[in-house]
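Participant: With the hints as your guide, set chains B and C onto chain A.
Going down the list, the sequences are from chains A, B and C. Under this note's numbering, the first residue of the first sequence carries the number 1, and numbering increases by one thereafter. Under this note's numbering, the first residue of the second sequence carries the number 1, and numbering increases by one thereafter. Under this note's numbering, the first residue of the third sequence carries the number 1, and numbering increases by one thereafter.
Be aware that one or more of the hints could be misleading.
To give an idea of the chain C side of the interface with chain B (calculated C-beta under 10 Å), a few residues [stated by the list, open to error]:
#1 Asp15
#2 Pro16
#3 Ala320
#4 Ser321
#5 Glu338
#6 Phe407
#7 Glu444
#8 Trp450
Coverage of chain C stretches by chain A, computed from C-beta distances (three or more under 8 Å per stretch; other residues unrestricted) [unchecked claim]:
#9 2 to 12
#10 185 to 196
#11 388 to 402
It is worth saying that the hints were derived from the structure and are not from the lab. Even glycine gets a Cβ: it sits at the ideal position worked out from N, Cα and C.
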Amino acid sequence: MPRLVLHPDRLFPADPDTRAIARALYALVAQAPIISPHGHTDPEWFASDAPWENATQLLLAPDHYLFRMLYSQGVSLDALGVPRQGGALPATDPRAAWRTFAAHWHLFRGTPSAMWLNHVFAEVFGIDQTLDETSADHYYDVIGAALASPAFRPRALFDRFNIELLATTEGAADDLAHHQAIRASGWRGNVVTTYRPDSVIDPEHDAFARDMVRFAALSGEDVTTWAGYLAAHRRRRADFRAMGATATDHGFLTPRTANLSRAECEALFAKVIGGKADAAEAELFRAQMLTEMARMSLDDGMTMQIHPGATRNHNAQLFASHGRDKGADIPRATEYVEALRPMLDLFGNEPALKIILFTLDETTYTRELAPLAGHYPCLKLGPAWWFHDSPEGMRRFREMTTETAGFYNTVGFNDDTRAFLSIPARHDVARRIDCGFLARLVAEHRLADWEAADLIVELTTGLVRRAYGLPVPA
Amino acid sequence: MPRLVLHPDRLFPADPDTRAIARALYALVAQAPIISPHGHTDPEWFASDAPWENATQLLLAPDHYLFRMLYSQGVSLDALGVPRQGGALPATDPRAAWRTFAAHWHLFRGTPSAMWLNHVFAEVFGIDQTLDETSADHYYDVIGAALASPAFRPRALFDRFNIELLATTEGAADDLAHHQAIRASGWRGNVVTTYRPDSVIDPEHDAFARDMVRFAALSGEDVTTWAGYLAAHRRRRADFRAMGATATDHGFLTPRTANLSRAECEALFAKVIGGKADAAEAELFRAQMLTEMARMSLDDGMTMQIHPGATRNHNAQLFASHGRDKGADIPRATEYVEALRPMLDLFGNEPALKIILFTLDETTYTRELAPLAGHYPCLKLGPAWWFHDSPEGMRRFREMTTETAGFYNTVGFNDDTRAFLSIPARHDVARRIDCGFLARLVAEHRLADWEAADLIVELTTGLVRRAYGLPVPA
Amino acid sequence: MPRLVLHPDRLFPADPDTRAIARALYALVAQAPIISPHGHTDPEWFASDAPWENATQLLLAPDHYLFRMLYSQGVSLDALGVPRQGGALPATDPRAAWRTFAAHWHLFRGTPSAMWLNHVFAEVFGIDQTLDETSADHYYDVIGAALASPAFRPRALFDRFNIELLATTEGAADDLAHHQAIRASGWRGNVVTTYRPDSVIDPEHDAFARDMVRFAALSGEDVTTWAGYLAAHRRRRADFRAMGATATDHGFLTPRTANLSRAECEALFAKVIGGKADAAEAELFRAQMLTEMARMSLDDGMTMQIHPGATRNHNAQLFASHGRDKGADIPRATEYVEALRPMLDLFGNEPALKIILFTLDETTYTRELAPLAGHYPCLKLGPAWWFHDSPEGMRRFREMTTETAGFYNTVGFNDDTRAFLSIPARHDVARRIDCGFLARLVAEHRLADWEAADLIVELTTGLVRRAYGLPVPA
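In isolation and in its complexed conformation, chain A is listed as follows (with noise of 0.2 Å):
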């Protein structure tokens, strides 16, 4: 069977003279303290410190880029384990679900789930065999051991990572319980949530009527009218920042604003709420409330996150029996320009706002995102995502973006994962990539040594804390 090993040089460029660079600028951030200022782990692991149970619940399941790829060669979800629409789990013993993937796992040659999943084998769990047909009960054997052992609880795994700072993300309705059981504990970890009021912005959110009664109930405010619904946002904004959030994130498919009139919001709002807004007013009512929710950053400092042009759940029969977020969303052709521009209008030339723009649409890097970002004050460029957090996809991120909008327009990484122990993996990743590609630039004579190895210290560690409004440790 092939040994498992992770290649000190690994994703380094191959040409011996780039490569030497890149190691050295390497050098200087491989033990930086990981900061995720963006990301979907679960906070109540960290609340609890309860163990994971066993590989297939832990790495398997959840992970909607592993089951995706099964699911698109033919393999069922029920035999890997993934719980169905309203939680209930299949039938499938976790141990036969973990064969099944180890069979399969030939099919993610050359994807990031194999570059994670290996760094995730090997320097979590210590194993040094390839995984396949043949090893996967001993994998499952490893992780299941380790799991039980107190050295893989959250916490410690935390502690080990040496994680500065892990944002979690939660909606509007949330109580942030597992955030107040966090601080009430006494742990140290710097766990923080995030603003995400998609559910009770998003009248065609299926969630929408539950979490505006959440959303008014928690917020005191009387969400039936457009100035107690601001009012709720605005109180629930300050209890998300009294759990250490610093900034909001919103996913609409599309990135459209608007700028009405006071009476044009209260009509709109009043169909909205009334449950007669039709799918134009929707839009419009999205629009608009972004314009808000960047108002109000202004005036309480949140960073703005906007992550656009996800066809959610597109596979209509899988999301019937399975629910969201079972790698059916599909990227759309997003535009920036004109859908940016009523905000822009607005709070544009604002050096004080920070709102961080996403793209699933590439082509908008060179065409539409370096060039706002490189002109606007309050725009910033978040990281490659999701389908382009890759090594080819951050590459084409630096390539397409840093002539038009430098690298100080952008804001370092985002794991944006729910996939806990792939955050070092991930971390990584990014880290080597950044380093191949200023050694790159050295080698091409495009850059000097010096200021790549500023750059490196920047891109990990620098212009995360400045975009997230993080302290800078002294």
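Facilitator: For chains B and C alone, kept in the frame of chain A given last:
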């Protein structure tokens, strides 16, 4: 005069370490048989085994890659011996046409045509000097003499090229006489057809009326009713399968699909058959028929190929004088995510269905196609097509699809050509580019060497056999 | 303080073998004269030959590449000495502005501006330390002293830069007095104009009314009738040709063309001249005028340049305070295939017509522009433009156009700049990137070394002379 040399390392990366890996991978597949599941060679060549006449008739006049470039630089099609609309040959002497071509050969520097033709010149005809004005006659004479010999008849070259399978493409109104003749001849070459019913599905196709008459006659069905029309397709699909077809092919401007009720289908078809369908209805009919073809593929197991996005016959003057396929087809932006949804709602989760998507719009690789193919069991990605069937185009294809869809949701190489002599050259280019891509992943420690060895065989012969339902030799 | 060094291998690929090839190619064109057929330098400089004042006035305040980046990071335009709307200078001391710039110089790491300016600092002014806060005054003093000397007057630098031809760009309402003065002066520098009639074609241009009055006066035609308006264009084109112009230039949001009847043109023009054209009619008028310009080019032989796709003055506040060209132009998705069709239907097959297409939407390179230019005799591809006039942008341009359109449907380099001192730097970057691209093709055995040698001369001086109808020196 400079020598013409095919360097053994051509198309491999220049970095010595990476090149060494590429060489080792190439050695595994350099001699592999050619499997050509999608192309446009003329089955009459293999039915009659008649000799080709001369270089102009064989290599120049039918190759729109060549004369489009010459035309763009002011050379008339008449001067190149290209037939006019209706088939009349211009008065140009074939040797004079060849001399004109030779005098402009420098225009092809850096293009795949140069690479393919140099391969043909050197490997098939053994010529060892470069083409230019001074060598034009030498070329013309050497090629002409060769073509007159038995070793350069179509069947002899087919054997020499080590072709395991060659698929041609015929319309639904084709009687398949050449394919029958091939089978009746006792020759063992494996030449199969492909069902391409565009001209009886697209009401706006210039041959629609004519071909519907033949379609009716060949199928023996009443194609004036919706039920009879569908039955005729089923009948003809069976006819094609009897001539070896394992696939269908569909080339409309958009990949739009539809899911109409039976009553809606009948009403729409009545308009189409009555010549009363407007542009929107013609588009809707094509959309519905893509869905019907998918449904039939589920029944009869034929692989479905969708080739959208070409604005055909963009040059109106040239279309009037010279007809179709004269280098004036221009790609257009293509949308897949909403276009395919109606069909995917019906059949997207069927692992038994095989739909291969192609594109001329490379922006869809990372944004739409890789995410779709990395999720839906029925979808696979066709190789870089047409303008993108080139070293840079293939490299972009791998760089932009692998991380999201993996290698295993792709289907190997298609030469897609009517230029029979260039088939070995084209497959060789594809193999070399894949070797170079895999070599880079190995050199960057993103893939183990044994994985790359496995993959290059899959990319060359494994995936294509599975995607097109071809037998795997013992 | 780090030294500023221009490495002789800068911008060449890092692989030693490829770099050696690039070096050898570069040696063939490093000393070639500069041919600049499209740019925005001020002809008054060469007419008056007056000295420039200081570093801020010469290098910083007019360069929107520089202040857009600084502005994006919160530096005000006032602090940089950028004039306000109407031309009033802010109170900022030029030396203070330069210090502010120097303190932010790190923002340009990895951008073409850094490369261009370092070239200017080192080569033009002989400065050997890098720019930062501590060297700001040294820079300001050295540059100021140099500018006061005769060797740094515009004409002296023109000669020192080895410029064979420099085209400026003037509007249809320009009296060309500076060009006349240059000719009257007896100076031998070859400075020519370019006919850019946007402000008298686009009814939505803010100077339309004012410039139509001047256009009428300068042409002596009755521009209130369609026939007179066209005659005025013919008259002014002749005026421009008398000042050396061989080209026209057109920069609308879209490349849309139209082919209206004479009666339709007259009716549309009546609305335009009457101030009654709505947005759609204004767009249609611009479209028709592109076709008219092509028709006139067929008559008078002027090369036609189309620069579409910029959303001008996206930042409304900044436009109000500072006017046009302040770094707030943002590209937009651009469609060519249908947009150009009406004009191509008329003139597409004319080999005597030369239309050069530019784009800010790189997705069109492979999808639309290379296929169009690789077919239509009248079409050529302009070089990577504006945001894409950069090492990565130029590399993508070659990688994405060469395989379909070849090298010979491109037109060499445009510096497109008003930053006169950076012209040698910009041409040098383009030559180096082309050398690197050709070197890769040679290293990968896709091109013979003698073909690359031929091509680098074509890309540097041959193609530009032919595309712009310039004389070829003996």
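Participant: Could you run down the list of hints and mark each one as holding or not?
Facilitator: Checked hints:
1. Asp15: holds (5 Å)
2. Pro16: With a closest approach of 9 Å, the Pro16/C hint holds.
3. Ala320: For Ala320/C, the interface hint is violated, since the closest Cβ of chain B sits about 35 Å away, which is over 10 Å.
4. Ser321: Check failed: Cβ of Ser321/C comes no nearer than 36 Å to chain B, outside 10 Å.
5. Glu338: Holds: closest Cβ of chain B sits about 8 Å from Glu338/C, inside 10 Å.
6. Phe407: The hint holds - Phe407/C has a Cβ within 10 Å of chain B, the shortest such distance being about 6 Å.
7. Glu444: With a closest approach of 6 Å, the Glu444/C hint holds.
8. Trp450: holds (6 Å)
9. 2 to 12: Our answer is that it holds, as 6 residues pass the Cβ test (under 8 Å) against chain A, meeting three.
10. 185 to 196: violated (count 0)
11. 388 to 402: holds (count 5)
Of the numbered hints given earlier, the model fails hints 3, 4, 10; all others are met.
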